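Engineer: Can you join these two chains into the complex? Each is in its own frame, and there are hints to help.
If you're matching them up, the sequences are chains A and B in order.
Numbering-wise, numbering that gives the first Met the number 0 puts 417 at position 418 of the first sequence, and it's gapless, one number per residue.
Numbering-wise, numbering that gives the first Met the number 0 puts 219 at position 220 of the second sequence, and it's gapless, one number per residue.
A couple of the hints might just be wrong.
With a cut-off of at most 25 angstroms between alpha-carbon atoms, the simulated DSS-like pairs for lysine-lysine come out as follows [stated by the list, open to error]:
#: 1; chain 1: B; residue 1: Lys300; chain 2: B; residue 2: Lys270
#: 2; chain 1: A; residue 1: Lys244; chain 2: A; residue 2: Lys163
#: 3; chain 1: A; residue 1: Lys311; chain 2: A; residue 2: Lys244
#: 4; chain 1: A; residue 1: Lys311; chain 2: A; residue 2: Lys84
#: 5; chain 1: B; residue 1: Lys190; chain 2: A; residue 2: Lys388
#: 6; chain 1: B; residue 1: Lys481; chain 2: B; residue 2: Lys411
#: 7; chain 1: B; residue 1: Lys131; chain 2: B; residue 2: Lys190
#: 8; chain 1: A; residue 1: Lys224; chain 2: B; residue 2: Lys459
#: 9; chain 1: A; residue 1: Lys380; chain 2: B; residue 2: Lys411
#: 10; chain 1: B; residue 1: Lys227; chain 2: B; residue 2: Lys238
#: 11; chain 1: B; residue 1: Lys270; chain 2: A; residue 2: Lys224
#: 12; chain 1: A; residue 1: Lys418; chain 2: A; residue 2: Lys87
Just so you know, these hints were derived from the structure itself, not from any lab.
Quick caveat: nothing in here was measured; it's all calculated off a predicted structure.
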Amino acid sequence: MNRRNFLQHTAAGLLPVFLGGYGARAYGQQSPMLEALAKLADLNDRVLVLVQLSGGNDGLNMVIPLDQMGQYNTLRANIALPEAKVLKLNNNLTTGLHTSMTGLQSLYNEGKLSIVHSVSYPAPNFSHFRASDIWFTGANANQTLTTGWAGRYLDQEYPGYPDKFPTADMPDPLAVQISYIASTALLGPVQSMAIAIQNPDTFAQLVGDKVSIDGGGDTSTPAGKQIAFIRQQQISSVQYAGQLKTAATKGKNLATYPTGNTLADQLKIVARLIHGGLRTKVYYVSIGGFDTHANQVNTTDTTTGQHANLMKQVSDGIKSFMDDLKMLGIDDRVAGMTFSEFGRRAISNASYGTDHGAAAPLFAFGNAVKRQVIGKNPDLKDLDNNNIKIQTDYRQVYAAFLSDFLGEKSTIVDGVLGKAFDKSLIFQQLILANEPQPMALRLFPNPAVDDVVLEADAFGAGVSAVNVADATGRRLSVPVSILSPTGLGMSVRELPVGAYFVSVETLDKQRLTARMLVAR
Amino acid sequence: MALITPVTQPLTASQAAHLLRRATPGPSAAQIKAFTGLTPAVALARLLADAPVPDAPLDPTTGKTFYDLPFDNTLDGPWRNYLKNWYVGQMVREGVSIRETMTLFWQNHFVSTAATVNDARLIYQQNVLLRKNALGNFRTFVIEITKDPAMLLYLNGNQNVVGSPNENYGRELQELFTIGRGGNYTEDDVKAAARVLTGWNQTGYRNTTTAAITTTFTANRHDATDKKFSAVYGNTIIKGRTGATAGDDELADLVDMILKQNETARFICRKLYRYFINDAITTDIETNFIGPLAQVFIEGKFELKPVLTTLLTSQQFYDTGLIGAVIKSPLQLIVGAFRQFSIALPDPVKDPVNFNNVTNFLNARAREQTQDVMDQPSVFGWAAYYDTGFYQKWISANTLALRAYYTDLFGKGNIKANNITYGPNALAIVKALPTPADPVKLIDDLTANFFAVPLTTAQKDFLIDNVLVPGLPRYEWTDEWKAYLADQSNAKTTAVTTKLNALFLYLFRMAEYQMC
Numbered sequence: 000m001n002r003r004n005f006l007q008h009t010a011a012g013l014l015p016v017f018l019g020g021y022g023a024r025a026y027g028q029q030s031p032m033l034e035a036l037a038k039l040a041d042l043n044d045r046v047l048v049l050v051q052l053s054g055g056n057d058g059l060n061m062v063i064p065l066d067q068m069g070q071y072n073t074l075r076a077n078i079a080l081p082e083a084k085v086l087k088l089n090n091n092l093t094t095g096l097h098t099s100m101t102g103l104q105s106l107y108n109e110g111k112l113s114i115v116h117s118v119s120y121p122a123p124n125f126s127h128f129r130a131s132d133i134w135f136t137g138a139n140a141n142q143t144l145t146t147g148w149a150g151r152y153l154d155q156e157y158p159g160y161p162d163k164f165p166t167a168d169m170p171d172p173l174a175v176q177i178s179y180i181a182s183t184a185l186l187g188p189v190q191s192m193a194i195a196i197q198n199p200d201t202f203a204q205l206v207g208d209k210v211s212i213d214g215g216g217d218t219s220t221p222a223g224k225q226i227a228f229i230r231q232q233q234i235s236s237v238q239y240a241g242q243l244k245t246a247a248t249k250g251k252n253l254a255t256y257p258t259g260n261t262l263a264d265q266l267k268i269v270a271r272l273i274h275g276g277l278r279t280k281v282y283y284v285s286i287g288g289f290d291t292h293a294n295q296v297n298t299t300d301t302t303t304g305q306h307a308n309l310m311k312q313v314s315d316g317i318k319s320f321m322d323d324l325k326m327l328g329i330d331d332r333v334a335g336m337t338f339s340e341f342g343r344r345a346i347s348n349a350s351y352g353t354d355h356g357a358a359a360p361l362f363a364f365g366n367a368v369k370r371q372v373i374g375k376n377p378d379l380k381d382l383d384n385n386n387i388k389i390q391t392d393y394r395q396v397y398a399a400f401l402s403d404f405l406g407e408k409s410t411i412v413d414g415v416l417g418k419a420f421d422k423s424l425i426f427q428q429l430i431l432a433n434e435p436q437p438m439a440l441r442l443f444p445n446p447a448v449d450d451v452v453l454e455a456d457a458f459g460a461g462v463s464a465v466n467v468a469d470a471t472g473r474r475l476s477v478p479v480s481i482l483s484p485t486g487l488g489m490s491v492r493e494l495p496v497g498a499y500f501v502s503v504e505t506l507d508k509q510r511l512t513a514r515m516l517v518a519r
Numbered sequence: 000m001a002l003i004t005p006v007t008q009p010l011t012a013s014q015a016a017h018l019l020r021r022a023t024p025g026p027s028a029a030q031i032k033a034f035t036g037l038t039p040a041v042a043l044a045r046l047l048a049d050a051p052v053p054d055a056p057l058d059p060t061t062g063k064t065f066y067d068l069p070f071d072n073t074l075d076g077p078w079r080n081y082l083k084n085w086y087v088g089q090m091v092r093e094g095v096s097i098r099e100t101m102t103l104f105w106q107n108h109f110v111s112t113a114a115t116v117n118d119a120r121l122i123y124q125q126n127v128l129l130r131k132n133a134l135g136n137f138r139t140f141v142i143e144i145t146k147d148p149a150m151l152l153y154l155n156g157n158q159n160v161v162g163s164p165n166e167n168y169g170r171e172l173q174e175l176f177t178i179g180r181g182g183n184y185t186e187d188d189v190k191a192a193a194r195v196l197t198g199w200n201q202t203g204y205r206n207t208t209t210a211a212i213t214t215t216f217t218a219n220r221h222d223a224t225d226k227k228f229s230a231v232y233g234n235t236i237i238k239g240r241t242g243a244t245a246g247d248d249e250l251a252d253l254v255d256m257i258l259k260q261n262e263t264a265r266f267i268c269r270k271l272y273r274y275f276i277n278d279a280i281t282t283d284i285e286t287n288f289i290g291p292l293a294q295v296f297i298e299g300k301f302e303l304k305p306v307l308t309t310l311l312t313s314q315q316f317y318d319t320g321l322i323g324a325v326i327k328s329p330l331q332l333i334v335g336a337f338r339q340f341s342i343a344l345p346d347p348v349k350d351p352v353n354f355n356n357v358t359n360f361l362n363a364r365a366r367e368q369t370q371d372v373m374d375q376p377s378v379f380g381w382a383a384y385y386d387t388g389f390y391q392k393w394i395s396a397n398t399l400a401l402r403a404y405y406t407d408l409f410g411k412g413n414i415k416a417n418n419i420t421y422g423p424n425a426l427a428i429v430k431a432l433p434t435p436a437d438p439v440k441l442i443d444d445l446t447a448n449f450f451a452v453p454l455t456t457a458q459k460d461f462l463i464d465n466v467l468v469p470g471l472p473r474y475e476w477t478d479e480w481k482a483y484l485a486d487q488s489n490a491k492t493t494a495v496t497t498k499l500n501a502l503f504l505y506l507f508r509m510a511e512y513q514m515c
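Looking at chain B on its own, in the form it has when it is part of the complex (with noise of 0.2 angstroms):
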């Protein structure tokens, strides 16, 4: 069976378990449940239908938004942070939908790091831009970014002028955002894209009068000579332009030119699988699974609908030896648990002020696990998606005890706000089971949703044995479990909570809990 031909069975629990994981930013059980026996091409209809555009961020102090006032030198540090938190917020908010996970995806892959751009409304309009062609026409999608004025400044395309061009987008574009190294473009080609993007500008960056922030193009700052690109570039000519519209015109030529190499597709395609399925990407997978999907992007006309539903419909994704077989990035981790288990975050218009308080604490816990939205440590986003070692970047002694530290909290009930406790009740989740005064069967179905992974026999044994009911006989948590039942006194309750509490801590701390 080709790798790339679609599933049509309906989708087994544990399937659409795996879907999910991978194209939301995290399932609930009663997700999975609605998901499951749905065909793969209904499954991806519904993950890629239209959903409503989220509220701008407020500033939780005064309720209202900030990306429409004039800069503000000495609210600036903390609107980037309420923009941040927000952002977490919007992950953790959305519905079963694939929008965020490829907003987050494009973040990272046409990188502009709030802390160097220094203006939280600039990097909010991106944030929009971002959401708005997440799922839409790559071609489309880069012309629009390289004219973002955050994107302008982070990689100094405002510096970019005839006679003196600089280099840094003309080079970022080819390597990082279209058509990536390896003999794809020489140095030369960088000068030249340089020169054919020179010109553009934004303004209201920083501007204390007024919130208005546009891009502008200025013909004279623009390089009206012809650019001509190496052979690996069939030795392209842009035509050199003037007037208004030289800059667009020359653009699209680029984008063209750049775009028409099969590389470019196969680019983005192996970014994708990364990201969606597995870091190996072996002759096998390159041969019979980007080059075909690769296919589907150039004849559909890079629209990025088609190449999802291809890759998320396909064998390959389904392949039960790759389930399981990512590491959760941090936030995979921090905003996956919230969502499975449905836990809600205050209003962020009702209640800015404890929305901002919980979604700052995640924010921050994302920082200290090495993934800072909106501030990724270079233009190459992080590390985990592109370098030696892939996924296992995520994961060091450290970052392990701060996920450890992290899931602590959050299974202890930790995570408070105006005295609302953000995290799993074990009591109520295990005695929604079919059986929890079993201890077996309690194991077997609290398990089967917990990890992406099946646990061995031997490991729900030692989760009995040494976890649930250490050194004791089994049926004591049966005896338990229904002296709960009969007498729900506080002494009781505690008696099984105690239990459960540790036995969540337990599994959150487990290497299982952090494969996806």
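Just chain A, same shape as in the assembly (with noise of 0.2 angstroms):
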């Protein structure tokens, strides 16, 4: 059952409750803010950006073990970076970035990205081919998927699409992909998740608003389902042009974009559309470019070159779209994570390059990250044939971003990456022994217009108040009902536009606090 579903459900056996003193008004089984209510549970605004480095990317030269120069040296002379080049981190001793990654130096110094070191699966793959294959689709090194992680993740929010779609709650494209085409890993049960867009001013010219008639042909043949197929890529590309003309046009940038950089091409487009207003949940961008299996540097600055300039696109491209996120005041809305197909060895070849390898680090970026460093160096005297060892498998970090940024339950976590993994704890503050620990509460919409949903893992213990504040610190009486176990549903409508704080408390004495943001 998807969340969508489980409130509905809910929803329909729901008695009035008194929280905190409040009354709760009763609300019939058919009442309207219910049902908004169980549609907002959907309007969760928070979006995923995944960066693909595609080729293979080298990643003992784009994060570097201080703690090994020695043994860095001696397996990769000819490319090695040296250590008064390489980018040193805040409160980071052992680990640095490639010369060229100012943006993400920052970035991390700011706390807004997590190094994930030695990200692989077990049995790792050596073909860009199938390795790719692997991270799109989420599957074990042998085991072949046919639907995308990403795809898999929309269906279960989307189920339905493409036939059932748009909607009134979902008018936008669940996906969108800054390319030609879509990746694998945006690949549904029925076709892919998203609309892979190259210009969204140009798109609604291009698509023109004729669809091809449908005859009524067999579809059941191979060339009726290639056709319905085709014929399904009209209507959505149609349908979805006016909403992506729109938010284009509405859409800002504020920051300055570098040039001569695609990956920072890509990424401005996906801030304008966020700012403009689109509901889509997820954005994938891509470079390519990284497999240097020769002269990844120059000889005579081994801190230029190929990879130094793919490195400088990457931490360009991400820092200036985060400072566009902050300026444009959607930065808390979203987080993303780099990957590629597999790093590379850790000894380099006579070419001065380096041949296909393994695990290799990746980054998380976005204000929701937590902790900066998953797991640690690897160490590179005890490599698997010149390859970098496993720390965190690739679904681990799928994970995280499923539940814990984008809120989905566990099961249904489980049930996209096929089984239980793990969350990396990108997104989870470092527990310290003397310090409680502080609980995650989700609201959304935010800014909030007329209902609201509260979310926390803690309610399930009870709930026992619910305070609403407004800036002077004045409590002000809101109607509250219970969604499910762990949500609450809460109507604002009452509230006059501003900045409130919500703070709910539970049985077990925890105290879990937002803010909120009301705007109409």
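Structural biologist: What follows is the structure, given as structure tokens:
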């Protein structure tokens, strides 16, 4: 059961409750508010950005183990970055970044970047083709899947795509890829869950408004199936063209993006579409050129060359994107990750390059990031056939994004990923012994208009009070209802526009707080 | 009936059209007519016949060839573009032959991209090699492509030296060019193959003083030790050699070892099946088609013509359920439209400027529709031929829009060079039909050659009542047409032309037009 079904199910049997002295109004089974709330559950406004580094990125020259420079130099003398040129990170003496990654260095120092060390999967594959498919589909090394992991997530959230979409609640593409074609990662059970666009300004004009006629031919034959597929693509593109154009027109970029940087070009469009109001959940961008078998560095200066240029594009692209989101005031809603089909061999070859390898680090970025480092530098004296050994399974990273960032239930996450993976702790605060565990209270949509949903696993213990206070500290009465063991509905339609503090106390004496904006 | 058994009855019009749509870059109505009534075997003999080697590409600014000049850093970018334009032009200009279709197949099989190689002369030299071997012997082909200068550069074979081998080519040779993934070779086999292939290099690359481009073998850069392969290759040991012929001798052993595995013939046959027949390879197809076809390949000592003949005369190829079930590649759409209406390009030798202008336009359309010729996104080639979803990979909201953009320009007569329009003349085409005055027959006859799949009656009715004469009774068309025939003044001509042009644009935008 997905979250929407769950809420609809729960809402039907809802009884009035009293919480913290506020009398919750009794709502009938068909209450418009409850229906609205059930829908709101899908309007969690978080956005995931996937950044593919295609070709197999040399992780060992991206994230440098400053504690093992001796062995690092032994393994790859001809392409090693000089220690003095490696970018240092705040409060991290052992790990540094590639010389050209100044943008990501500052994101790290601001606490908005997480380095996940040595990501791979058991029995890694060294073929670009197969390894990419494994990352796209979320498969085991010996397993073939025909749908993408992000596609399966979207299918859970929006069942019935494409036939039953767009809807009033989801008028926008579920996923957008800034490309000519969509990645396998976004492939759903029927077709891609994504609309691939290159230029949101000209897309509507290109698509036109003509959808070719369906003569009701046989759609079960091989030809009929392909024709139905093409027709569906035509319908989807015509349906979504207007929404994309509206968002592209409404949206802005406030930051300055670098030029001559294909990744930055794509991220710039993404920022504009998010700001323009698209409710699209997943954006996908990519940059190629990472298959550096030869000449990945300039022989005269290893901090320059092919790989350095790629590192710079990735770093500048993500940094300007994050700056833009911050200036646009939407930075809390967005997080993303980089990934590549494999890392490269720890040992370099004679042509100043590196051959196909195994585990490599990846980056998670966004304000939601809570831990800066997951795992530790790979042990360069403990290699497997000169390949870096795995510390984190790539699906643990997917699980972290799905559950901790997008707020997906663990049963659904497990279903999407095929089994239960321990979440990588990217979005979880480091717990110190003398500090109570901070609790995650999810409140959405935020800014709120009329109805909001509060979600926290801690509600399971029982809720004793829900308090809402305005900026002056004045407490206000709002109707609250229980939607599920871990979800509350709250109507803010009587509240004036402004900023509020929401706090929820549980029977086991935990207090969870969130800031809420009401805007109309 | 076994799937691979040849069809011996003469080809019907629909079968002839199907064969030519798949085996050539696209047929005209006249070509379909000429092939109707031939037996499939005779049709194949014609398609496989030797064809004249095309003239080398010219630099339109000089009217001279450039492949035989020293490298020029300023001009190489334009040269690469002229070369790519010329290549698309060859597809349009090719006669009724399978050669360009197979040259493209191999260019997408043994990928070396112009953008990476960065020297137009080498890419042209490789293209000549691909065309020469396109219908030849696969063993010879693999050996020659391994030593091809562009390939040596593209997959770093030139940097593969004893002591620190570069594994790139050794891997792709097995994974992509011959035996394929799936436990057919091990990581150690990649390393062993790389050692076999040490010592090769080329000369002349980006050399600004000489036009000569050659392949060299340097014995002291070659690993002369024995190379032991894994159990999947029967623990073969390729004896390490020394001296000037060591490279060739070991390469021959390596290729023979790989070809000896049945999986290699199957791998190539599967790829041909997907290219020519359909992407769905069921267990039935694998057992009853790919297996026997691979056997033909092996027994024919890896000659390609018997395989193509078997493939394209088979019962399976003419299975009615599979006709029209392939989504056109961008080139099949773009080049096919030109050929469908017999639109001739400007002469590449007499009028290189306009030849380049028109082909440059076609090349740009192919690129934006994601089929950049000689510049695949990676060594895997175009995703539509290998990735999950296969042909559907060509299609997205974006590429469909770009396909429509192309056919709109084509249909409206907006592709022009030197005041000549390159597009269909809708009025002339309809006028040549048997009974253009009858809207029902007009649509029947016109759409018969337009699409790879038949339209339904409902679709034809829609085309008459909503596109040809929207909102009017059908006899209005007959009246208009007769009025035009009686008085071919501007006004009357415009009246029918406007309607026919709108009809053509609509036909091009139909989902059915995307099928091959």
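Engineer: State for each hint whether it applies.
Structural biologist: Now the hints, each set against the structure:
1. Lys300(B) x Lys270(B): 18 angstroms, holds
2. Lys244(A) x Lys163(A): 22 angstroms, holds
3. Lys311(A) x Lys244(A): Not OK: Lys311(A) and Lys244(A) at ~31 angstroms, beyond 25 angstroms, violated.
4. Lys311(A) x Lys84(A): 14 angstroms, holds
5. Lys190(B) x Lys388(A): 20 angstroms, holds
6. Lys481(B) x Lys411(B): Holds, at about 24 angstroms.
7. Lys131(B) x Lys190(B): 31 angstroms, violated
8. Lys224(A) x Lys459(B): 20 angstroms, holds
9. Lys380(A) x Lys411(B): 67 angstroms, violated
10. Lys227(B) x Lys238(B): 9 angstroms, holds
11. Lys270(B) x Lys224(A): 21 angstroms, holds
12. Lys418(A) x Lys87(A): 38 angstroms, violated
When held up to the earlier numbered hints, the structure conflicts with 3, 7, 9, 12 and fits the remainder.
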